[in-house]
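J.: Now for the letters of each chain:
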Amino acid sequence: MKLELRGITKTFGALVANDHIDLTVEPGEIHCLLGENGAGKSTLMNVLYGLLQADSGEILLDDVVQHFKGPGEAMKAGIGMVHQHFMLIPVFTVAENVMLGHEPTKFAGSLDLAAARERVREISARFGFDVDPDALVEDLPVGVQQRVEIIKALSRDARVLVFDEPTAVLTPQETDELMEIMRQLRDSGTAIVFITHKLREVREVADRITVIRLGKVVGEASPTASNQELATLMVGRDVDLTVDREPARPGEPRLVVEGLTVADHTGQLVVNDVSFEVRSGEIVGVAGVQGNGQTELAEALVGLRHVLRGRLQLDGDDITKDKVRSVLDAGVGYIPEDRSADGLVKQFTIAENLMLDRSHGAPFVRFGALQRGALARFAEETVEEFDIRTPSIAEQAGRLSGGNQQKVVVARELSREIRLLVASQPTRGVDVGSIEFIHKRIVDARDAGLAVLVVSTELEEIQALSDRIIVMYRGRIVGIVPGGASRETLGLMMAGEQPAGAAA
Amino acid sequence: MSDVQQTPPTEEQTPPTAQEQQRGRWRQAIREITLGGPLIGLIAVVLAMLVGSILIAATDPKVAAAAGYFFSRPGDTFAAIWESISGAYTAFFRGAIYNFNRPDFASGIKPLTETLTFATPLIAAGLGVGLTFRAGLFNIGGRGQMLLGAAIGGWIGFAAPLPIVLHPIVVVIVGMAAGAFWAGIAGVLKAYTGAHEVIVTIMLNYVGYYLVFWMLSTKGLLQAPGSNNPKSPPMAETAVFPPLLGDQYNLHAGFLISIAAVVVVWWILERSSLGFSFRAVGLNPRAARTAGIDTKRVTIIAMCMSGALLGLAGVQQVLGTVTTGFSAGIDAGIGFDAITVALLGRSRPWGILAAAILFGAFKAGGYSMQAAEGIQIDIVTVVQALIVLFLAAPPLIRAMFRLPDPSAPRRKAKAVKA
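Keeping their order, the protein sequence lines are chains A and B. Per my numbering, residue 4 is the first one in the first sequence, and the count goes up by one each step. Per my numbering, residue 843 is the first one in the second sequence, and the count goes up by one each step.
Since the hints were made in silico from the structure, they are not lab data. Treat each hint with caution, since some may be false.
[As the list claims (entries may be wrong)] DSBU-like, lysine-lysine: derived pairs with alpha carbons at most 30 Å apart: (1) K1073/B with K324/A; (2) K1138/B with K326/A; (3) K326/A with K79/A.
[Claimed, not checked] DEER-style ranges, computed between Cβ atoms: (4) M90/A with L1238/B: 25 to 31 Å; (5) V1007/B with G319/A: 18 to 24 Å; (6) V145/A with I1044/B: 34 to 40 Å; (7) K324/A with I1015/B: 36 to 42 Å; (8) T1035/B with G270/A: 47 to 53 Å; (9) L1238/B with H309/A: 34 to 40 Å; (10) A138/A with L1238/B: 53 to 59 Å; (11) V893/B with D160/A: 30 to 36 Å; (12) G334/A with I1015/B: 54 to 60 Å; (13) D115/A with L1238/B: 40 to 46 Å.
[Stated by the list, open to error] Here's a subset of chain A near chain B, in silico, CB distances under 10 Å, partners left out: (14) S329; (15) L331; (16) R369.
For each residue, glycine too, the CB sits at the ideal point set by N, CA and C.
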């Protein structure tokens, strides 16, 4: 089935999310939609899927104009979507999930589970998926869950399949397998729209590439284009994809972690007997697929989580039992993983957010009173120094773009007197320009003699920044490898395998 | 890249779990109810008074009589409605602000001083409740805290032989401490066991009431000597708040304490490090904790300060409003009215001052409406309830039925405003 979008325009208030976008996807082709976060890719797909109504423009399937009032109609017309965050019910089996929404029924409305099972088997067999229809979804690995999503779409005879940032939750190996599946689907005649902002994936799998920037189609590119060319098209200017950095000159061990063990609220060990050290003047990256204990590790380091066993030492001082306040005051900077929930008070002004973790003493508080003059001066300087794009320091932090919000958090931590920086997902959901900036500041911090621990699920980020890399899997350290470790090595380790030559 | 600002933020973030979303939805609603803008408060008052007018007209027998022959002479009905409503509001004005039937200014202005007298404990109590709103807490225990403040403070007031000037100061301090202690129980339980402060403070209302009632009916404690009624002896002359404008008015020095409390609470909230942590915890407790703010400490301190202000309201009752000895009803419902006052004042000290004066006027004017026009004083209660309804209902209904906020720009559009 051929999909054609003509002149799709969608505005939210003053923001034009999609501005007269034209897009044609032929059957048997993988069409990549490449763009930064916020370029309007997801909006466009939500219009296609009937979740949003376009202000103008039309959707054509095989040259017939369609009017979708909701996802149900889009599905019926043959459009399927694999969402970034799976729309599956964890406690249902694969078959139950697949039939959800158009349950086949027998006499008197009893569910025909056998038919659903059969459908799952048939589709699995066709693509060599190896999915058990009776397995509970919650027991399946993430990569398999995604296949269930694909089966779900195919079971409704989807002829156009949209993959919305499908690789965000996958290990490199799972990503490669997904690419293979996409190629198979293409060869069987399905039209595929692949939304992503990861250049490597685009070049690997795309037949055609459309680049979107700020809601507009800015160009088409061929899959043979270089990363540099694609990035330039995507961002609108030359982008430096690598981080310039001198080799590290590590000094004394600053943070020493011994046998750290942390349990979650159900008593399950989420960080299990983890030991490592971070020296001053080096960046240690913590790699791993989301949910393998990295978040909890970072939180335990700054005192946000109870340490079950083990010891944390900062320059020889035991900080295992310290509260957050004293850890921060001892010279630890912390960039939390989720800036909306943990990093910022969105209703506070930028200035107030910049003093959030220094609200108890000099220089912003004297004798219990806020020093508004000092804060304003500091905020003006910091906004300037960290290039935070805002009309004023009195602007609410929540009104800034994601990248600028993140810069507020980074600025707050780096403008304090710190010895150790713990940065959890420092550039998640941030535009390319801000990523560049934040990475540079982190390297600068290292060169100034700080010890830095970067936790990230983006392998590119880990590789670009780290002098040494810790790979975590199910709460344990799989191994610690030098910063130059290959993608393949890291990928294997992220799946829990111990590659030859890596020291544990 | 000059257009970074337009990049909508959160595309790639992990979505909150359903449970978190659920909780976020209600927290958002509560935040809107307690901290929304001042315009909403004004609209709520106007709407409530409009509905109040309709009720006044509808319950007036003269209007009903004229409506009986509406189709022969409709003008009569409208005239009766006009007379009923205008009569009511004229009486209200005469009772709450200025009585132009009196010969001279000095006696004409007395209603305004009455309004301020009624407002005095409402200001203190409203500040107490508003303070907890700002820290993300809900103190429903105003009644118990006022009673404890009134009882313990009042005991010093009638029993301690202290000199003039010093005596009321000691009473105020002791009363505030008693209120702080009572609210602090809820604060400590919330901080260390997670017991919800709404439940605990409501329970403590009953405990406080029966405790004070028992003390008032027990000889040697608070009961007036030689009496069997659950009532205390009158306050000592040295303790009573002096009148502010001379003996012909009831307005007492407690009003000045309330005004001072407005300034102090404003300073604490907006200009102090403590208030900064209150507001941070109130708006985003997780971010506050991550930034090293001790949320347990904030919870306990905020509850104690709130209780102290409610204790102050209790003291103002015994040293200002009813100085002839108090009973267990000395709180006069102020602990609950304070919630409405704090809501209407949008939890901001100056807003609370204005709202408390408005409620003082409702009380003063309500009596005069009843006396002059025979209008049920319950109308005033209905109007007060309607104000809460208009303030609280829209966000609650949105949260209940998961409706989007029509006034808020869509998430994607938000960034553009920057």
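J.: Are the hints correct? Go through all of them and say.
T.: Hints and how they fare:
no., hint, in the structure
1, K1073/B with K324/A, "violated (53 Å)"
2, K1138/B with K326/A, "holds (12 Å)"
3, K326/A with K79/A, "violated (55 Å)"
4, M90/A with L1238/B: 25 to 31 Å, "holds (29 Å)"
5, V1007/B with G319/A: 18 to 24 Å, "violated (58 Å)"
6, V145/A with I1044/B: 34 to 40 Å, "violated (46 Å)"
7, K324/A with I1015/B: 36 to 42 Å, "holds (38 Å)"
8, T1035/B with G270/A: 47 to 53 Å, "violated (20 Å)"
9, L1238/B with H309/A: 34 to 40 Å, "holds (36 Å)"
10, A138/A with L1238/B: 53 to 59 Å, "violated (42 Å)"
11, V893/B with D160/A: 30 to 36 Å, "violated (57 Å)"
12, G334/A with I1015/B: 54 to 60 Å, "violated (42 Å)"
13, D115/A with L1238/B: 40 to 46 Å, "holds (42 Å)"
14, S329, "holds (8 Å)"
15, L331, "holds (5 Å)"
16, R369, "holds (9 Å)"
Checked against the numbered hints given earlier, this structure breaks hints 1, 3, 5, 6, 8, 10, 11 and 12; the rest are met.
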